[in-house]
Amino acid sequence: MASFIIGSILVIGGALLSILVPIRVRNKNIDIKFMKRTSIDELKDILAYNASAGLDGYRHYVELNGQADSKIINKAPFSGNDTSYFDADLYAVSEVADTSSENKDKQPVLRKIETHINNQKSSSPLILKDSQSKNIVYIDVNQQGLKIDTLKTFDKFEPQSNVANNNYFRNISYKTPSGRMLGFRMTENTIPKNQMLFVLGDAVLNGDKINILRPSDKKPFIVSVKDKTDIVRGNESSAKVALVLGILIAIAGILMMIFIK
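Numbering follows our numbering, with no gaps: position 231 of the sequence shown is 231.
To be clear, the hints were calculated from the coordinates, so they are not data collected in a lab.
Errors might be hidden in some of the hints.
Unchecked claim - If you anchor each label on the Cβ, the simulated ranges turn out as follows:
1) 211 with 252: 27 to 35 angstroms
2) 34 with 159: 45 to 53 angstroms
3) 4 with 216: 43 to 51 angstroms
4) 98 with 71: 27 to 35 angstroms
5) 8 with 206: 47 to 55 angstroms
6) 34 with 145: 19 to 27 angstroms
7) 218 with 149: 27 to 35 angstroms
8) 165 with 244: 44 to 52 angstroms
9) 149 with 24: 17 to 25 angstroms
10) 206 with 16: 17 to 25 angstroms
Every residue gets a Cβ at the ideal spot worked out from N, C-alpha and C, and that includes glycine.
Construct the entire structure; sequences and hints are all you get.
The structure is reproduced here in structure tokens:
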């Protein structure tokens with residue numbers, strides 16, 4: 001009986017996964033595909049016109065392309081590079097002996113483990129600029145629902161023997177993981193200065209300042225180093241994976257109901 005219930009849950013879950021996710025991705029791609037690029041100057045004119053007509057707070061869903069920048073210096077913590085935006089992670093790397101029951105030889109097998117220590121993200125507004133315009137656009141990177149695509153620009157292992165020579169580790173505290181400490185892995189995902197960006201969101205004029213906000217109608221809210229074609233292609237790949245995974249889960253559920261009593 002239990003196998004039938006679990007199998008039924010797997011069939012239903014697999015069916016929902018293979019149907020709902022592709023539909024949602026398809027609708028998202030429709031929103032992205034049929035948007036037309038607006039220049040920053042054109043956007044400023046649209047927002048200013050609506051403001052002059054008494055429509056204060058008017059929102060305009062828009063696709064923008066431009067170069068990334070920031071008003072302040074955003075130095076990534078490990079590389080020290082000046083970025084428009086960074087998202088950095090630190091991991092402690094240790095080595096432990098695996099003596100699990102699955103090890104038939106009963107000889108310890110050394111396994112490398114990465115333990116997440118901390119994450120650091122820049123919080124200052126991201127700026128979108130255009131070389132042909134004096135106007136700029138501000139994007140609050142802390143907004144809920146914002147999908148930020150970055151570039152992986154730094155991935156380094158720092159051996160334990162070198163930690164004392166790295167100033168960064170003098171200012172952090174962490175719990176030493178079990179096993180023999182090997183060192184630290186440092187990664188940075190960033191948006192470099194002047195990196196070309198693809199942006200989708202609601203534009204709002206506050207005084208003379210253009211802000212990009214989360215759309216009020218669940219449309220895509222994106223800041224990406226990828227172009228439109230790559231974003232759409234990536235979404236389509238995700239939908240195919242969900243379809244195949246859903247089918248496999250449903251098949252597993254059917255087999256469980258048939259063969260497991």
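Against the structure, the hints:
| no. | hint | verdict |
| --- | --- | --- |
| 1 | 211 with 252: 27 to 35 angstroms | violated, 47 angstroms |
| 2 | 34 with 159: 45 to 53 angstroms | holds, 52 angstroms |
| 3 | 4 with 216: 43 to 51 angstroms | holds, 44 angstroms |
| 4 | 98 with 71: 27 to 35 angstroms | violated, 50 angstroms |
| 5 | 8 with 206: 47 to 55 angstroms | holds, 53 angstroms |
| 6 | 34 with 145: 19 to 27 angstroms | holds, 21 angstroms |
| 7 | 218 with 149: 27 to 35 angstroms | violated, 19 angstroms |
| 8 | 165 with 244: 44 to 52 angstroms | holds, 48 angstroms |
| 9 | 149 with 24: 17 to 25 angstroms | holds, 18 angstroms |
| 10 | 206 with 16: 17 to 25 angstroms | violated, 41 angstroms |
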